[in-house]
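Novice: Here is what each chain is made of, one letter per residue.
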Amino acid sequence: MSITLTKEKITATVKIITEYGGTGIFKCVQCGACSAVCPSIKAGFPVLCRLLIKKLLIGQLEEIIEEPSSWACQACCRCSEVCPQGVKPQEVVFAFRRFQANELAISTASTTSLIDLHATGHAAHTTTYRELRAGVGLPEQPPTTVSDAKGLQEVQTILENCLMGELGFY
Amino acid sequence: MGKIGVYVCHCGTNIAGVINIEALRQYAETLDDVTVARKDLFMCSDSGQEQIRRDIREGLVDRVVVAACTPRTHEAIFRSVCESAGLNKYLFEMANIRDQDSWVHSHDPEGATEKAKLVLASAVGKARWLQPLDDKFVEVTDAALVIGGGVSGCFAALELANMGHKTYLVEKDPSIGGVMAMLDKTFPTNDCSACILTPVMVDVAAHPNIELLTYSEVEHLEGFIGNFTVTVRRKQAYVDWQACTGCGDCAAACPAKADDEFNLGLNQRRAAYIQFPQAVPKKAVIDMNACINCAGRKIGTAPKINAKTGEPVLAPCEKACKAGAINRSLPRDAGGELLRLNVGSVVVAAGFRVMDKHNFPAYAPQSPNVISALQLERLISATGPTGGALLRPSDGGKCKTITFVSCVGSRDERHHTYCSGICCMYMIKQARLLKEKYPDLNIYMHFIDVRAGGKEYDEYYTGARRLGINIMRGKVGGLQTIPGDRLRVLAYDIDQLESVEIETDLVVLATAIEQPESSQKLARTLGLQLCGSGFFRELHPKLGPVETASRGIYIAGCCQGPKDIPYSVSQAKAAAAAAAVPLAQGRVRIDATLSEVDKELCSGCGICEPLCPYHAITRVERGGRKYAEINIAQCKGCGVCTAACPSDAIALHGCRDEQILAQIAALTA
Amino acid sequence: MVKYGLFLGCNIPFKAPDIEQSMRKVFPPLGVEPVDMVGASCCPAWGTAPSFDKGTWCALSCRNMAIAEELGVNIMTGCNSCFGILSEAKHFMHDPEVAEEAHELLAKAGRTYTGSADVYHITHVLHRDIGTEKIAAAVKFRQDGLTVAVQAGCHVLWPTDAMAIKEENPFFPHMLKDLVEATGASAPHYSRIEACCGMGGMRTTSVDKSMKILAAKLRSMKEEINPDLIVTGCSSCYMQFDQSQEQLRASGEIDFTIPVLYYTQFLALAMGFDPAQVAAISAMDRSALIAEIQNPARAVQEV
Chain Z
1 MSITLTKEKI
11 TATVKIITEY
21 GGTGIFKCVQ
31 CGACSAVCPS
41 IKAGFPVLCR
51 LLIKKLLIGQ
61 LEEIIEEPSS
71 WACQACCRCS
81 EVCPQGVKPQ
91 EVVFAFRRFQ
101 ANELAISTAS
111 TTSLIDLHAT
121 GHAAHTTTYR
131 ELRAGVGLPE
141 QPPTTVSDAK
151 GLQEVQTILE
161 NCLMGELGFY
Chain F
171 MGKIGVYVCH
181 CGTNIAGVIN
191 IEALRQYAET
201 LDDVTVARKD
211 LFMCSDSGQE
221 QIRRDIREGL
231 VDRVVVAACT
241 PRTHEAIFRS
251 VCESAGLNKY
261 LFEMANIRDQ
271 DSWVHSHDPE
281 GATEKAKLVL
291 ASAVGKARWL
301 QPLDDKFVEV
311 TDAALVIGGG
321 VSGCFAALEL
331 ANMGHKTYLV
341 EKDPSIGGVM
351 AMLDKTFPTN
361 DCSACILTPV
371 MVDVAAHPNI
381 ELLTYSEVEH
391 LEGFIGNFTV
401 TVRRKQAYVD
411 WQACTGCGDC
421 AAACPAKADD
431 EFNLGLNQRR
441 AAYIQFPQAV
451 PKKAVIDMNA
461 CINCAGRKIG
471 TAPKINAKTG
481 EPVLAPCEKA
491 CKAGAINRSL
501 PRDAGGELLR
511 LNVGSVVVAA
521 GFRVMDKHNF
531 PAYAPQSPNV
541 ISALQLERLI
551 SATGPTGGAL
561 LRPSDGGKCK
571 TITFVSCVGS
581 RDERHHTYCS
591 GICCMYMIKQ
601 ARLLKEKYPD
611 LNIYMHFIDV
621 RAGGKEYDEY
631 YTGARRLGIN
641 IMRGKVGGLQ
651 TIPGDRLRVL
661 AYDIDQLESV
671 EIETDLVVLA
681 TAIEQPESSQ
691 KLARTLGLQL
701 CGSGFFRELH
711 PKLGPVETAS
721 RGIYIAGCCQ
731 GPKDIPYSVS
741 QAKAAAAAAA
751 VPLAQGRVRI
761 DATLSEVDKE
771 LCSGCGICEP
781 LCPYHAITRV
791 ERGGRKYAEI
801 NIAQCKGCGV
811 CTAACPSDAI
821 ALHGCRDEQI
831 LAQIAALTA
Chain H
840 MVKYGLFLGC
850 NIPFKAPDIE
860 QSMRKVFPPL
870 GVEPVDMVGA
880 SCCPAWGTAP
890 SFDKGTWCAL
900 SCRNMAIAEE
910 LGVNIMTGCN
920 SCFGILSEAK
930 HFMHDPEVAE
940 EAHELLAKAG
950 RTYTGSADVY
960 HITHVLHRDI
970 GTEKIAAAVK
980 FRQDGLTVAV
990 QAGCHVLWPT
1000 DAMAIKEENP
1010 FFPHMLKDLV
1020 EATGASAPHY
1030 SRIEACCGMG
1040 GMRTTSVDKS
1050 MKILAAKLRS
1060 MKEEINPDLI
1070 VTGCSSCYMQ
1080 FDQSQEQLRA
1090 SGEIDFTIPV
1100 LYYTQFLALA
1110 MGFDPAQVAA
1120 ISAMDRSALI
1130 AEIQNPARAV
1140 QEV
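Chains as they are written, first to last, in the numbering used here: chain Z, 1 to 170; chain F, 171 to 839; chain H, 840 to 1142.
Source of the hints: derived by calculation from the structure; they are not laboratory data. Each hint should be verified, as a subset may be incorrect.
As the list claims (entries may be wrong) - Straight line, CA to CA, 30 Å or less: simulated BS3-like cross-link-like pairs of lysine-lysine:
1. Z:K54 x Z:K9
2. Z:K55 x H:K1051
3. F:K712 x Z:K27
4. H:K1048 x Z:K54
5. H:K1061 x Z:K55
6. F:K570 x H:K1061
Could you build all of it, start to finish, from the sequences and the hints given here?
Specialist: What follows is the structure in structure tokens.
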């Protein structure tokens, strides 16, 4: 099936991506330097950098909402470092990711880390750390939000009052 | 008061698409002294011009106001319309309702129309006070200066000289030839660069009307069209060029070494050297930064005497020179000598440089096997450091694979946003030459896109594909260095949507054409403007491509913008033709819109003298008192002196008090 | 003694506390005092707030930085992701729209961010403030003869416009190489030195694809310099190298494994600290390597 291009779709897509932080999208000349150095494209996630920007520039947004490539972005920003036009492709990728996330097109792994972040202040939390820490001669609790109620309260206040709070993860 | 004719131009839809032309025309009819108010689709067309002439001839108007595009391009046209109908051309005034109105207020047609009325009323107000003026003329020195001895400068000089004008050609290097002399072959015909350029260089040197000043730089320029005085510094060569035969024996004897600029650092030359084998003039110079003063022979000192033989101990270069051109006992001024030249016009063909690879950290600049495309020219040239063999700089080994990277520093907002214009073509040329010479060589070329928009250029490009050269769309993102001084190219194939890695022996970077820092100094010396991109600014991008804002100074070649050889030569010949006009006319017309001192009112206070940015004012003493005098050829009519004069003694014709006040009155009514 | 706020992040205190212990051990003898940032949280990790809303990201990062501001110290992180997240958040706070949202959320949490604390990676502090000479002098076991493959990790290399300290050439980094070589070991260049290890979002999304990247990197190390060990400057890279090599060998992708240490672990061992505290937790067996690092024959003779 051919893709049908419409002005409305293109305008709406670019607006959404720009609002989510991909402000450089219109500067892209599709040279491909970003894609040449992207580790995730090398690994086999094609819809990143140049190709993702191309799809967005022709108004493909809902069509690719389940695309997993964006979640494989390492945020290494090597693309932004080599981009000759100041597009900052990584920020476009993350803008698209934010669109996906706010439409709840996300993985269970992401959901788990969000719940952990709210519950403990840490996204990569474990249950066995006390023994590990004691084993290497450290206090069982690190001096972070896991042992500081006030700090955790602050993190929760931020998370509950921000836009993410409305998505119903915690 | 006069009879003013107002002519409103639609300029197609440029003005009429925004401004209500009929409303503006009707408004004009309401203004004092306006006897005729007309409109036309294109006022500058034949019919539009004829309408103005008819109204003048029939006595309907004796002042003309055109509301149209901009005086920058069209004032001269309408002035000559007036003149051809017998009206003094200074009785013309223009209202700028396009560049300064419809173009900038396209979103607000009503506001633009109201602004147009104000602008027109102001022009009409001024027109009522216009006075007839007479143009002035100054005599011209029949000689030209060409700055830069590359292919552009050589052709500009030859054209001027062939037209019979004495021409000085100033070149900073010891030889003329510029970058073209460094090239192996040229696209799209693959003719040998040296074979076609060397005869031109010889013609330049042999031409009776050309005085060649190489190893020289312009230090100062003053004056004006027709009468420039130029100070040129001839750098100290430490070799008597009258005597030097260009044999090269001094270079062979010299033990001191420095990077060879002509081979872009791929090898070393001696401190005493001839720039390249086909140099014109073929003269040696001694590079004092590299010279080690063998035998303690510092310049201007007496030689030591050999205790045994009683003979003076000479440096190897002195000893080697059979022509006696090197005598280190002679005192020589390290600063060289200053020459003063008088010329009527100037052509600037100062050339360009290519960016250094060290500007590009992602492209492994530390690897000796990453080179610029200009270095590759030297590497494949028969006169280059390898005699034309494609050998890796790291070890002199053979190359099995070579990779070309395009747009390095061009089309890149971190460096230069412009396209360097010639890289696609010269890379294709280099690839083709290599493929013909080494059929087994594996060649990869990475382009954002291939730009081959010239006569027979695209055929040249498609021919490269047919030779089996691998061409890939997608800008290279980086290079990795692998053992054995090889490189891994991190690329992307836009057509396959795949990232690509290629291991290669040699990487050629098409680094951008740019202006060196020295062009800023040259621009200041000559009073020229530079574009944002760093190139010299032409008077008009389409209609004045070789002229500059400084009358009498013209530009050609890559100092104006990146271009290939055919385009450079065309522009050089165009610049020479333009530069020859004042020389051929013998005198130049000066606009009458200049400042003039009323000697009766001038108190001779001298306030104006240092304020004049063009050094046009001097104080003279006559009849026992001092007063200011303005050199009309230097005056640009800027009005600084007029505004500063405490005695109101300086009038600026075309902007007299009553004229300006009438404009202000109209704008504030 | 210069004080730095020690920003722990998540992986180091919970999964690799021996790295935390190694940082706490090596800095004081080198003249730097790590100060606890009480109440600090996750940076927040790339997959959380940064993937939803820039303002929330910046608010959480700025809350962490505000803790350092109150202590009057700059921050050093051991985790590259934390370094990248905090540096970029600081950078984005120059965008008025993002800053407004972040300041509003911070105010609700009762925190103020001024931007007065700089963000450094521990390798920056070691390289710039302490210097390789001081490190060399502190080493109790010289590592001459050991060949190390260094892995600086992506987030200390790019994007340079957000970083307080940058490599001279981020595509050919040398800071970690210098730090490793201060112990006497050699850290030769290998072609994929700047390449990604495959950890992070890529691994979360597809372990198989992440492994391809890692395997290419490991082969480049093995074939080009045949190292005795890998030293990383990034705790995430460290985990990827430690946890995935066995898997790659089992699947036949590689026929070797290379033991790995985080830089401060390597340095702590070379400085003579107890491996049971500073290099105790790993998926791979690296006891032989640790014994070699602390081989009595390597001990520096007191003069």
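Novice: Work down the list of hints and note, for each, if the structure agrees.
Specialist: So, going through the hints one by one against the coordinates:
no.	hint	result
1	Z:K54 x Z:K9	holds, 14 Å
2	Z:K55 x H:K1051	holds, 26 Å
3	F:K712 x Z:K27	holds, 27 Å
4	H:K1048 x Z:K54	holds, 23 Å
5	H:K1061 x Z:K55	violated, 39 Å
6	F:K570 x H:K1061	holds, 25 Å
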